[in-house]
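Construct the entire structure; sequences and hints are all you get.
Protein sequence lines correspond, in order, to chains A, B and C. All residue numbers for the first sequence refer to the working numbering, where the first residue is 1 and numbers rise by one. All residue numbers for the second sequence refer to the working numbering, where the first residue is 1001 and numbers rise by one. All residue numbers for the third sequence refer to the working numbering, where the first residue is 2001 and numbers rise by one.
None of these hints come from the bench; they were simulated from the model. For glycine and all other residues, C-beta sits at the position ideal for the given N, C-alpha and C. Be aware that a few hints might be false.
[Unchecked claim] List of simulated lysine to aspartate or glutamate pairs, DMTMM-like, C-alpha gap at most 25 Å: (1) Lys2051(C) / Asp1113(B); (2) Lys28(A) / Asp1134(B); (3) Lys1141(B) / Glu1213(B); (4) Lys1075(B) / Asp2048(C); (5) Lys44(A) / Asp1223(B); (6) Lys28(A) / Glu1234(B); (7) Lys44(A) / Asp1134(B); (8) Lys44(A) / Asp1218(B); (9) Lys28(A) / Asp1223(B); (10) Lys44(A) / Asp1220(B); (11) Lys44(A) / Asp1233(B).
[As the list claims (entries may be wrong)] Computed beta-carbon distance windows for the label pairs: (12) Asn2004(C) / Glu1234(B): 51 to 57 Å; (13) Leu16(A) / Trp1191(B): 56 to 62 Å; (14) Gln2189(C) / Trp1106(B): 25 to 31 Å; (15) Leu1228(B) / Thr23(A): 27 to 33 Å; (16) Val1030(B) / Asp2162(C): 51 to 57 Å; (17) Thr23(A) / Glu1234(B): 54 to 60 Å; (18) Lys2191(C) / Val1030(B): 52 to 58 Å; (19) Ala2011(C) / Ser1222(B): 44 to 50 Å; (20) Trp1106(B) / Leu16(A): 40 to 46 Å; (21) Ala2091(C) / Trp1106(B): 35 to 41 Å; (22) Leu2120(C) / Trp1106(B): 53 to 59 Å; (23) Glu40(A) / Val1030(B): 48 to 54 Å.
The lines below spell out each chain.
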Amino acid sequence: MNGLGYLTAAYSAVWLILAYFITSLLLKNRRLLRELSQIEQRVKTLENR
Amino acid sequence: MKQPSLGFDGFLMVVLIALMQVALIWALVVAPADATQGDVQRIFYFHLGSIWPGFVAFFYVLYGSIRYLMSRDAKWDRRSYASGQVGLAFCTIVLVTGPIWAKPTWGVWWAWDARLTSTLLMWLIFLGYIMLRDYIDDQAKRERLSAVLGIIGASMVPFVYFSTRWFEVQHPKPVVMGDADSGIKDPNMIWALMLALAAFTVLYVVLWRRGTELAEADADLSDLRLRLSALEDEA
Amino acid sequence: MNSNLISLLLAKDLKRELRSKEIFLSSFLFSLIILCIFYFAATSSNVDFAKLPNTALWICIAFSGTIGLHRTHQAELVNGCYKALMLAPRAAGNLYLAKYVANFSLLGLMSLLLLPLISLFFNLKFDTQIAMAVPGLLLGVSGFVAIGTLTVVITANTRISDILFPVIHLPLVVPVLIAAVNCTQIAFQGKFSWTGIQILCILNLVFLSLGYLLYEFLLEE
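Take a look at the structure:
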């Protein structure tokens, strides 16, 4: 592997790790939004009673 | 739930994207290739760029943990936790790019060099800090114990660095690049380094704010869920 | 008052150790097994076994010390002994120092017992060389215990304390282990490392003051 190959590997690694981290944040965000809508649903059923 | 303040975060985001582009261009195109190492040396800009916010993150853990123990305000716990997570991500970047750089320069993927050893230990210490949370059920206890561990861990980081350096003398130093800044002479190299440092610092701030917001939303939600199930039981 | 607390805790821990022989079993016999594996690993890879007494010594201490510390704390939790300690009307810092002294006596004693064992297996002359390793050894174990007394309480609150304790404890004590390993290595070569001792003293001082200040926050329930 030449110098450019190593350089590409290193930069790809940086972006992969960051992408993993950001994806995990986004997934957590989505889970929270889903839970929020569940809670809204429960509040609605509670109000209807 | 608190609405995210889009004004400041949006501004940060614009700054981040612009800085990241400029830093990339400077590191990959404008800065000249290193005389001895060639293009491989360009790894250095983002390698050093991520260890710096890594350090900042861990000192923030120390600061936030002390603030938590003094005030017992859960917001400090969430801030330190988010900071620890981002710091761990940056530390991982350093640990991955380090060996990729070491292979063509030193001829081996891993050398027990003081810098590598201490970064590995720092990574392990903060992995422990992040892991501890998952295994304590009681919330107040989790915050309190994490804060104590955060203080111990962050105050150990300087000692990890000193001890690996003090006792390194007995081993042969890795050849080329005895020191990271030895090859930095061209003003464009310095610019590339400064831009990378700035871009990654802003990246740290952006990620840390997002992480804190999420942790706060998570806590608010579980609080809501508890109150709701209490109401449902009444009804 | 303070020395009274220390001697009380020390007497209790020593008495329990004499009855159960937990640390002895875990540290000493475990170390024998480690030495055995060490011998075969070294000779099968053509490494000069005689050059490794220091390596073997500290691997034994790191492994058996971790097991020993975890065991003593688990024993404290039985019958609510630790709960009673938390309720004791004493300053938390003094309680930490008392626990540290008790743990240090047990592990320090065990590490001293390892020295003749190591010198026997590695054909070291049992004389001044060995005696010169003692300060570095004891200071190293002291730093190990100073941090361990804190981390063992932190991890005891988790669901998987037996796994989490080494994972959290060992990276934190690496600075002190690096210093102590160098210190005893120089002693085994017949010299005395003052700088090593000084660094170990500083590390111990920092760890002990950290523990003294932070133990209060671990005792809340």
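> Which numbered hints does this structure break?
Replying inline: Per hint list: 4, 6, 7, 13, 17, 20, 21, 22 violated.
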